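Novice: Got chain A sorted already, so can you dock chain B onto it with the hints?
Residue numbers (our numbering), protein chains in the order written: chain A, 1027 to 1077; chain B, 51 to 413.
Derived by calculation from the structure, the hints in this document are not laboratory data.
All of these numbers come straight from a predicted model, not from anything done at the bench.
From the three backbone atoms N, C-alpha and C, an ideal C-beta is built for every residue, glycine too.
The reader is advised that the hints may include incorrect statements.
Stated by the list, open to error - Here are a few chain A residues that face chain B, going by a calculated C-beta distance under 7 Å:
1) Leu1030
2) Thr1034
3) Asp1059
What the hints assert, rightly or not - Here chain A is said to cover these stretches of chain B; the calculated rule only asks that three of the stretch's residues, wherever they fall, bring their Cβ under 8 Å from a Cβ of chain A:
4) 339-351
5) 365-375
What the hints assert, rightly or not - Anything over 10 Å on all C-beta distances counts as not near chain A; from chain B, calculated:
6) Gly148
7) Glu194
8) Thr331
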Amino acid sequence: MYQLLSDTPMGAANCVKRLADNAFIPFDEGNTDYQAYLAWLSEGNTPLPAE
Amino acid sequence: MASTTFTNGTVIASTWLNDVNTVTYTDIPTIKAANWVTSGRIQAGAVLPAKLGNSGSELGMRNRLINGDFRIWQRGTSFTNVSSGTYTADRFVTNSTGTNLSITQSTDTPSPQFPNSLKMMVPVGSTTNSCLIRQYIEQQNLYEFAGKRVVLTGWVKSSQTALKTVCSALNATGGTAITQNFIVTANTWTKFNYEFTSFGSVTAWTGSPTSAGCAIDIGFSDNQSLTTSDYLNVTGLQIEVGYVGTYTPFEFRPYGTELALCQRYYQQWNSNQFFGSGVFTSTTIAYVVSPLGAYMRAQPTVNTTLANLQLIGTSNITPTVLNTIYGTGSQTVGFAFTVSGATAGQAATAFTNTTTFSVSAEL
Chain A
1027 MYQLLSDTPM GAANCVKRLA DNAFIPFDEG NTDYQAYLAW LSEGNTPLPA E
Chain B
51 MASTTFTNGT VIASTWLNDV NTVTYTDIPT IKAANWVTSG RIQAGAVLPA KLGNSGSELG
111 MRNRLINGDF RIWQRGTSFT NVSSGTYTAD RFVTNSTGTN LSITQSTDTP SPQFPNSLKM
171 MVPVGSTTNS CLIRQYIEQQ NLYEFAGKRV VLTGWVKSSQ TALKTVCSAL NATGGTAITQ
231 NFIVTANTWT KFNYEFTSFG SVTAWTGSPT SAGCAIDIGF SDNQSLTTSD YLNVTGLQIE
291 VGYVGTYTPF EFRPYGTELA LCQRYYQQWN SNQFFGSGVF TSTTIAYVVS PLGAYMRAQP
351 TVNTTLANLQ LIGTSNITPT VLNTIYGTGS QTVGFAFTVS GATAGQAATA FTNTTTFSVS
411 AEL
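Chain A with its partners taken away, still in its complex shape:
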């Protein structure tokens, strides 16, 4: 399960939180954790909204 993060005044957040271990995963296609997140999304899952 993942959760989106709030934007900052400088721009949109560029990472998502993996709730299993509270890791912060950047939106970088070279990052294998992000690749796993994209695969999770492609299975029809939806992340929790930002708090």
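Specialist: Showing chain B alone in chain A's frame:
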């Protein structure tokens, strides 16, 4: 024991030590006077340099595995009952099905040349499908494997006699995964070397340069009945271009070099360390830049416990959200944190306090 006779008839005692004929040079002044060439010229082209057996791969940085002698354990030295996909010793990830694994740093090694080995055990006895430790190799670090054979060498010691290793070409047209099962004497350090043709038919690389190009696995043979006392120790792992007959000794690299190679994929600040500095740009936002030991492979995933961090200005402020991670292909990585009660314009020094802060760009 052997002796050496020089042309002037002088016999000098000598001994064989580690296959090298060690001569006692007590009689050198006499020999020099009678036989030494003191000047001369060699005709151009008369002396040919010895041909390198592996077309040069005997030279430096030939081992494409990182931390093959298991000196570097940034994440810790003991991992109990961890699931498949858990990184343990730097660059090595568990790869198991049907069981979790326990991994520890061990000082049981084949010789003092290797101070450490990786010890793998199963936390619960069972018939397991697969118990392996794996390292992925970044594709741009093995382009020369295409069309060639590679040799994997290493040392193993296990309570089980049936082991296996796998060399898999990844993101490569024509690449294959090849398994080598082998038998060792139980509870005895054994050196192995196996030749793989996984890259012999590779005609093109299909992934990005920073994607995985190879996976090396080593562990117990599949479907064995293992107990909690079964173990496998491994060290001195090396993969290089070549044939079984031409593999080279393990390449011992300086610790700082090996650590920097690891830090391209993972870097950790332990508790009570400063990991960066920056500024509170408002009452609710702090930007922090952290120096890195090496250019990371990709923008890294951050693991920490925000509630235990401190951003130090004139007071200690705990961040509540990590909103953004900046930087790739850089020797720094930046972060935007959400905070509360800060003073805009104040400097912010990032302190791990009671937790760790790690950045990971593993394959």
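Novice: Would you mind marking each hint as holding or not holding in the structure?
Specialist: These are the hints, each one checked on the structure:
For the restraint placing Leu1030/A at the interface with chain B, the shortest Cβ-Cβ distance is roughly 10 Å, beyond the 7 Å limit, so the hint is violated. Checking Thr1034/A against chain B: minimum C-beta separation of about 5 Å stays under 7 Å; hint holds. Evaluation of the Asp1059/A hint against chain B yields a held restraint, the C-beta minimum of about 5 Å falling below 7 Å. As drawn, the stretch 339-351 of chain B meets chain A at 5 residues by the rule of a beta-carbon pair under 8 Å; at three or more, the given contact holds.
With 5 residues having a Cβ less than 8 Å from any Cβ of chain A, the stretch 365-375 of chain B passes the three-residue criterion, so the hint holds. In this structure Gly148/B is separated from chain A by more than 10 Å, as the shortest Cβ-Cβ distance comes to about 21 Å. With a minimum CB-CB distance of about 22 Å to chain A, Glu194/B clears the 10 Å threshold, and the non-interface call stands. For Thr331/B, the non-interface assignment is contradicted: its Cβ lies about 8 Å from the closest Cβ of chain A, within the 10 Å cut-off.
Hint violations for this structure: numbers 1, 8, all remaining hints satisfied.
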